[in-house]
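Asker: Each chain is listed here by its residues.
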Amino acid sequence: MNALSFKHVGKMYRRSHLGRVSETVGLDGLDLDVRQGEVFGLLGLNGSGKTTAIKLLMGLHLPTKGAVSVLGRSVPDIEILARIGYAPEAAYLNRSLTGRENLRLFAALSRLPATGREERVTDMLKDVGLAHAADKRLSEYSKGMLQRASLAQALIHDPELIVMDEPVTGLDPLAIKEVRALILWLKGKGKTVLFSSHDISEVEKVCDRIGILSGGRLARVMAQDEWRGKPDALEDAFAASVKRTDGVGEIRLG
Amino acid sequence: MGTIKAVFDYTLREHLRHKVWLGCALFGLVMVASALLASALARDERARVMLDLGLAANEAIALVSVVFLTVHLILQEVESRAVFLILTHPVKRSNYLLGRFLGTLAAVGLGMGAMGLAHWALLRLLGWPVEGSYLLAWSCSLAKIAIMGALSLFLSLALTSEAAAMSFSVFFWMLGHFSAEMRFLAQKSGNALLGAAITAFSHAAPDFAHFNYRDAWHAGVPDPGWALAAAVYALAYCGACLALAAQVFDQKEF
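So the protein lines, in turn, are chains A and B.
Under the working numbering, the residues of the first sequence are numbered 1 to 254, in order.
Under the working numbering, the residues of the second sequence are numbered 1001 to 1254, in order.
A hint or two may mislead.
In silico contact screen, one side only, chain B against chain A (beta carbon under 10 Å); selected entries [said to hold, decoys possible]:
id	residue
1	R1017
2	E1077
3	I1086
4	T1088
5	H1089
6	V1091
7	K1092
8	L1159
9	R1183
10	F1184
11	K1188
12	G1190
To be clear, the hints were calculated from the coordinates, so they are not data collected in a lab.
Where is the CB? At the ideal position from N, CA and C, for every residue including glycine.
The following block holds chain A by itself, in its conformation from the complex:
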């Protein structure tokens, strides 16, 4: 069964400035299925449509055409959000609150029952290694701590599907290792994980399948056995599948 599915999804961004309307393609007929219980990586260059696909999934954007369904329901659907955990590429948290207050807020917004909510918040703070800083304001947190707080809010309600946008970007090697362990732990618990990344080496370590996006389209889907034990297989497939759309030329050496 599919955890999520994109059917011919298109997204066009329209901007008007001083009467001039410009259009940018976010997604162009994306067809993609992610199965329940798998770790799926979305690979692509900047502007390839990874974040747009995730925002459509989370109901932050509406598709211009096509349909998106998550856990058997069409999105946008507020109710389905209670079963999804979302960790954006940066910790977009309210810095005036403490770590504990932030988690309390997201626990309440995720409709966790009031009974046992406080214990869940305390346990989650321990799980992400923030118990010692639980009552400090987020404005005093380091980048790594903020990233952990962001992961905690995504997992506080024990979601079935976890969506991570560039979860390892800007993290130190130790933190990257921890995120990798977390993804594998989630998989072990039967959760579906979708994450986007530029980092091929990271993706190949944890994913069951990957999808390579280019110009808003799915250029290729690969399963683990296509790259496991084959050095550079994923990198070569990636290089062969993507086209630069940002107008930047190649670096010429010699």
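Since the structure of chain A is already known, use the hints to place chain B on it.
Answerer: Relative to chain A, chain B alone:
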């Protein structure tokens, strides 16, 4: 209801940790300065000057606070992308707006309450003869502030420019004190179309004549019908502004 309360709680906490209490400190300074000035006036006018000055200062400071806070309320969360995380939880956008608005109103109301208490205590100290209801005068100011908060929130979302929203809010605040004059002008215009436009505009802008209790201060406490009509008007105007704001906010993509 649970999500509105969660958003209300964090909004209130956020404001109390930031700026609102500066308003009270400013008011305290104004009160001390005015007490010094008032002491130079005739003894029998001293309390009257303090009463008018205090109520006006309380309202003016609350107006500045509420316009500033509500104009930034959503736009700042969009800018910092904190809204991403809120809206990727099962939260209706209208509930989020309502929670944010009520939290802000509560913060400003608390500030007004603190200022009102200080003012009332100072009046008692000066031997102010209790003729009218201080609480009713204070409530009328709060109703005006609630209307301006809802209107500023709507303007900030409709115009998406903080400067424009603040300018229009101040414009409507001034206009709201001249509703009767505008309708008189409409009658005297001699042009049916212009008259209709001015009349429509006078009804669209808030009509603060409903809350002019301070003008009738010495007449004592007015009949309950007057207070009820004022409360209904305030609730209806706030409701209309919030409904429009929710409509605009629903269309937004992040």
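Asker: Each hint should be assessed against the structure and marked as holding or not.
Answerer: To see whether the hints hold, each was checked on the structure:
The interface hint given for B:R1017 holds, since its Cβ lies 5 Å from the closest Cβ of chain A, which is under the 10 Å cut-off. Residue-level restraint check for B:E1077 holds (minimum Cβ-Cβ distance to chain A is 8 Å; threshold 10 Å). Contact between B:I1086 and chain A, as hinted, is supported at the beta carbon level, the nearest pair being about 7 Å apart and thus within 10 Å. Satisfaction of the interface hint for B:T1088 is found here, the shortest Cβ-Cβ separation to chain A being roughly 4 Å, below the 10 Å cut-off.
Against a cut-off of 10 Å between C-beta atoms, the interface hint on B:H1089 holds, since the closest Cβ of chain A lies about 4 Å away. For B:V1091, the interface hint holds, the least distance from its beta-carbon to any beta-carbon of chain A being 5 Å, beneath 10 Å. At about 6 Å, the closest approach between the beta carbon of B:K1092 and any beta carbon in chain A falls short of 10 Å, and the interface hint on this residue holds. Violation of the interface hint for B:L1159 is found here, the shortest Cβ-Cβ separation to chain A being roughly 15 Å, above the 10 Å cut-off.
The beta carbon of B:R1183 comes no nearer than 37 Å to any beta carbon in chain A, farther than 10 Å, and the hint placing it at the interface is violated. A least Cβ separation of about 40 Å between B:F1184 and chain A goes past the 10 Å threshold, and the interface hint is therefore violated. Of the supplied interface hints, the one on B:K1188 is violated, with its beta-carbon coming no nearer than about 39 Å to a beta-carbon of chain A, more than 10 Å. Evaluation of the B:G1190 hint against chain A yields a violated restraint, the C-beta minimum of about 37 Å exceeding 10 Å.
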